[in-house]
Every structure is written in C-alpha cells, then in structure tokens.
Amino acid sequence: MLELKNVSFEVKGESRDGKKEILRDVSLTVEDGSFVVITGPNGGGKSTLARLIMGIEIPASGSIIFDGKDITGLSITERAALGIGFAFQQPVRFKGLTVRDILTLAAGRELTFDEACGYLVEVGLCAADYVDRELNSSFSGGELKRVEIAMVIARGTRLSVFDEPEAGIDLWSFHNLIRVFESMRDATKGAIIIISHQERILEIANKVVVIANGRLDAVGTREEILPELFCDAKTCRYYRGAV
Amino acid sequence: MSKIDQIQADLLEMVAGLRGAPKEGAFNIRLNGKSAGHSGSSQVSIEFKAAGSGIDVRVAPGTKGEKIYIPVVISESGMREIVYNDFYIGEGAEVEIIAGCAVHNCAQGVTQHDGVHAFRLEKGARVLYKEKHYGSGEGTGERVLNPVTECFLGEGSYMEMDTVQIKGVDSTRRLTRGKVGKNATLIVREKLMTHGSQRAETRFEVAMEGAGSGVNLISRSVARDRSSQVFFSKIEGNNACTGHSECDAIIMDEAIVRAVPEIIANHVDASLIHEAAIGKIAGEQLIKLMTLGLTRQEAEEQIIGGFLK
Ligand SMILES: Nc1ncnc2c1ncn2[C@@H]1O[C@H](COP(=O)(O)OP(=O)(O)OP(=O)(O)O)[C@@H](O)[C@H]1O
Ligand SMILES: [Mg+2]
Chain U
1 MLELKNVSFE VKGESRDGKK EILRDVSLTV EDGSFVVITG PNGGGKSTLA RLIMGIEIPA
61 SGSIIFDGKD ITGLSITERA ALGIGFAFQQ PVRFKGLTVR DILTLAAGRE LTFDEACGYL
121 VEVGLCAADY VDRELNSSFS GGELKRVEIA MVIARGTRLS VFDEPEAGID LWSFHNLIRV
181 FESMRDATKG AIIIISHQER ILEIANKVVV IANGRLDAVG TREEILPELF CDAKTCRYYR
241 GAV
Chain L
1 MSKIDQIQAD LLEMVAGLRG APKEGAFNIR LNGKSAGHSG SSQVSIEFKA AGSGIDVRVA
61 PGTKGEKIYI PVVISESGMR EIVYNDFYIG EGAEVEIIAG CAVHNCAQGV TQHDGVHAFR
121 LEKGARVLYK EKHYGSGEGT GERVLNPVTE CFLGEGSYME MDTVQIKGVD STRRLTRGKV
181 GKNATLIVRE KLMTHGSQRA ETRFEVAMEG AGSGVNLISR SVARDRSSQV FFSKIEGNNA
241 CTGHSECDAI IMDEAIVRAV PEIIANHVDA SLIHEAAIGK IAGEQLIKLM TLGLTRQEAE
301 EQIIGGFLK
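Those protein sequences? They're chains U and L, same order as listed. Using the working numbering, the first residue of the first sequence is number 1, and each one after it goes up by one. Using the working numbering, the first residue of the second sequence is number 1, and each one after it goes up by one.
Don't take every hint at face value.
To be verified - Some but not every residue of chain U turned toward chain L, in silico, with C-beta under 7 Å:
{"#": "1", "residue": "Leu74"}
{"#": "2", "residue": "Ile76"}
{"#": "3", "residue": "Ala106"}
In short, the hints are calculated from the structure, not lab data. We treat Cβ as the ideally placed atom computed from N, Cα and C, and that holds for glycine.
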C-alpha cells in the first residue's frame, strides 16, 4: 500500500555545502493490513520519516508511492484526502477549538454528541468531561495525546501513522491502546505505522524497522529484530555510547 | 412597531437576534435616529431624553431575569449621531441588556453612530450587557462606530460586558471606563476582527476602588489585510483587589497590531496581571488541520473562527 523508494531528506546546515542530511536513501514497503513499527535511537530520523509520508516535509530525492500512485509531489491536504492520517509526537493545542470541533473536522462530517463521545471512550477518556472542552493549554500531556489518537480514529484512514502514541500514556491504558490499534486495522483493512520504543508495541508488529543515524539500519520480522534490540550494551549494534 | 424594510430587518436580526419587536419585556428599537417602537415593562421603564438624544432606562430593585433590547439600526447613508443612554439598575436586580448597532451604507456619505452608555449598578445588582457591531452595504462611505461605555459598580454588584465586532465597520474607537466598588466585579470580553484597511482602537480604563473588587478584561482579535488595531488598557488598583487583563491577537497579511497595557497598584494588596500576545497563526496548527483534510485556507478560517467564538 505504501512504498518509499530511496528517500533522502536534508535541511539547511553548517556543513561546507550548506546542507545537513537527516535521512539518507530510505526504502521501505508497507503491506495492506499490516502493523509496521519503526524504532531506533532518539534523533535517528523516525519523526522526519513520518512527516515525509504525510507530506509535511518534501524529500530531496526519492519517491513515495501510495496505492500505486506517486504522491511525492502532493500536498498534505491531498494526501489526507487519499487516506493518510497522522498522530503527532507532540500534539498541537488550539485556543478556541473544542475537542468536538476537532473530531468533527477529523471525521469530515457533523458528529452527534454520542458519536464524538464514542471516539473519546475508545481512547479511555471519560467523554462527557472532555467533549466540549477547548483543546487548549489546560489539557495535560497524556490527555492531549489521547485526543490526538482519537482524531486519527475518527478519520478512519487506510494508512495511519502514530508517532510515539504511548508516550505519556499511563500503564493502565496501555493494554487498551494496543486493542485500539487492532480494531482500527480491522475496521479500515488498512495499515498502521507506529513509531515506538515500547517492547509491548514492538510485539504486535508484522514488520520492525530500525532507523538510526538517518539510515534504515535494519528491517525484518519481530522475531528477527527484537533479540538484537533488547540486548546489553556490549553486544548491541544499536548502542552508540562508549563501551 | 413602525414598518421596516428587508435590509433593516436583517440588520436587526444580525445584531440583536430579533425578528421584529420582542413579544414581551422592555425595548427600544432605534431606526435612523428615531424610535421605531418601544415598550416598558412592569419592572423596567424607558424614558426618552429631549430631541432623540437617547433614553433613560430604570430597572426596579429586585427585578429578576428580564431582557431589555435596545438595538440601533442605521440604513441612511450620511447619517451621523451621538446618543446618550443611561441605565439605572436597582438593588439586587438581575437583567440582560442587548444593545448592538448595525450600519448599512450604500452611498458615499460617512455614516456614524457614537453611542454613550452609562450603567449605574446599585448594591448586589447583576447585568449582562451584550453589544454587537456590524456594518454592511456596497457604498464607499465609511461606517464609523465609536461606543463609549461607562460602568459604575456599587457594592457587591456584577457586570459582564460582551462586545463583538466581526465585520464591516471601517473605523472604530471604543472606550470602556469603569469604577468598581467593594466586592464588585467587572468582566469585559471583546472580540474584534478587522479587514481591508479598517482601523480599530480599544481603550479600557478601569479603577478598582473598593476592597475585594475585581476586574477581568479579555480581548481577542484578528487583524487581516492592511487593517490596524491598537489596544490600550489601564487598570488601577486602589484597594485590596484583583485585576487581570489579557490581549490576544492574531495578525495576518500586512496588518498592524499594537498593545499598550498599563497596570497601576496604589495599594499593597492590589494584585494585577497583564498578559499580551500578538502573533500569526502557529504553523503547527495549520499543518495539523491540513492533515485532517482541510486546505490551508479552510484551516485558517477554522482557527480564526474558533479563536473569536
Ligand atoms: N528542520 C530541522 N532542522 C535541523 N535539524 C533537524 C530538522 N528536523 C530534524 N532535524 C534533526 O534530525 C534528526 C532526526 O530528527 P527526528 O525528529 O526525525 O528524530 P526521531 O527519530 O523522531 O527522534 P525521537 O526518538 O527523539 O523522537 C534530529 O537530530 C533532529 O535534530
Ligand atoms: Mg520523534
């Protein structure tokens, strides 16, 4: 359903050619109905990859194919319309827009009170307390993160990308989160890409991708990749500190 | 009520939410400088001042839950007027006052309405004052509204003023002044949007005189195109009191916004805060809404609409 072909991304930087490379030559395929989990060290380039898929950043070279169509040159809005959804690592707050307003925009149609509540209940929020609240700075980090996930559920996109959805979410809710992803995949028959550092999330992956230092470092099934990831510092090929 | 045309009827609905005269309660509808219908109620009297220069509204002590409508509609191009309306709110009375002014200018003359409203609240009175301003018409003549609102809050009284000006007023200078007594509270919420080459000036001057008094000014505005806005606020604490003002502006295109806050504490137990923020719409907000399928323009409209809601 999604294919990245030799995608590279750079920003303005201090080097001699005035560029800083963030991602280099990343190729990846995501099959229908699969869970792909992207992991790797902080600053490796995972969020950047997600932003490239959504069209928030445009690659310096390479191409992105979605359902057989080259979307490399398409805008965020166009990609959203084709069925790509994205939950930010750091959700945005809005002065003046309520949770219900945002869910309505996400769903692309008027929602009844019950429908709006339904999405919030999915992510473990006591809906009546939240539905008409402004999504402003009064929201706690974990609450905001849950609303962010609820938005993607409301969209019901074929391809949904979640950037560290578990960050800030308490342990109690963690189990439910995994169930949410599973039911989303079943409902949309699409694919879900999750950026995560969490072992429990890695365990549901059909494919694990390791991004480190701007490169695709490894890709494989969880059986192949997991033993490599959770090893000690001496033998770990992803540990980059002093040994 | 005297006959009104379609434009006038629409304007009346726009600013006061009225289709024709209210069925009950006190009201005065001012149309092109004259009363087009008025009525008192058992608790509220409305008396005209000399020569159409305004009204005196008296609310009997203990009145509960009445709505008083006093909208102004001007559809004659070139008309300029100053109107003085005085409100006397008796002890313990609770009322809602719906003002509002709509100007339709379809020719070249400057059309201007300067409404001077003074409110005197007796002990324990509560007033919700709503004022909506709106301009329309294809004419090149300017539409000018310069409201002055003076609020004198007696002991334990409470006044909330909601003012909205979203569209069509070319030039506005608004002055709101208050003196707040013991344990009284004044709240002012202003929503303003300017576009084209409109100019808006807002000035708040509030003195908290009584112990336990409080004031909260909340201004949210959007400046688009080449419009300009200036926001002055001066809050003076002369007793143990709490004052807060907040001016939040979204700036777009080539607009200009200036905020000049002043807080003055003349008493050791006066606690005063001012917050002011001016900035363009956060890029992240636009991106977020675009990932939900909105175009950039739709995203902007949503953000502005929510901000001014
Ligand atoms: N616009 C930019 N300008 C400069 N550097 C950037 C820019 N965008 C990303 N980077 C850098 O690129 C690298 C990758 O960032 P990215 O956010 O993709 O990492 P990540 O893998 O998501 O990390 P984390 O696990 O901490 O979320 C980082 O070193 C970051 O500082
Ligand atoms: Mg990241």
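Status of each hint after checking the structure:
For the restraint placing leucine 74 of chain U at the interface with chain L, the shortest Cβ-Cβ distance is roughly 12 Å, beyond the 7 Å limit, so the hint is violated. Nearest Cβ of chain L to the Cβ of isoleucine 76 of chain U: about 4 Å, under the 7 Å cut. The hint holds. Interface hint at alanine 106 of chain U: satisfied, since its Cβ lies 5 Å from the closest Cβ of chain L, which is below the 7 Å cut-off.
Violated hints amount to a single one, hint 1; each of the other numbered hints is respected by the structure.
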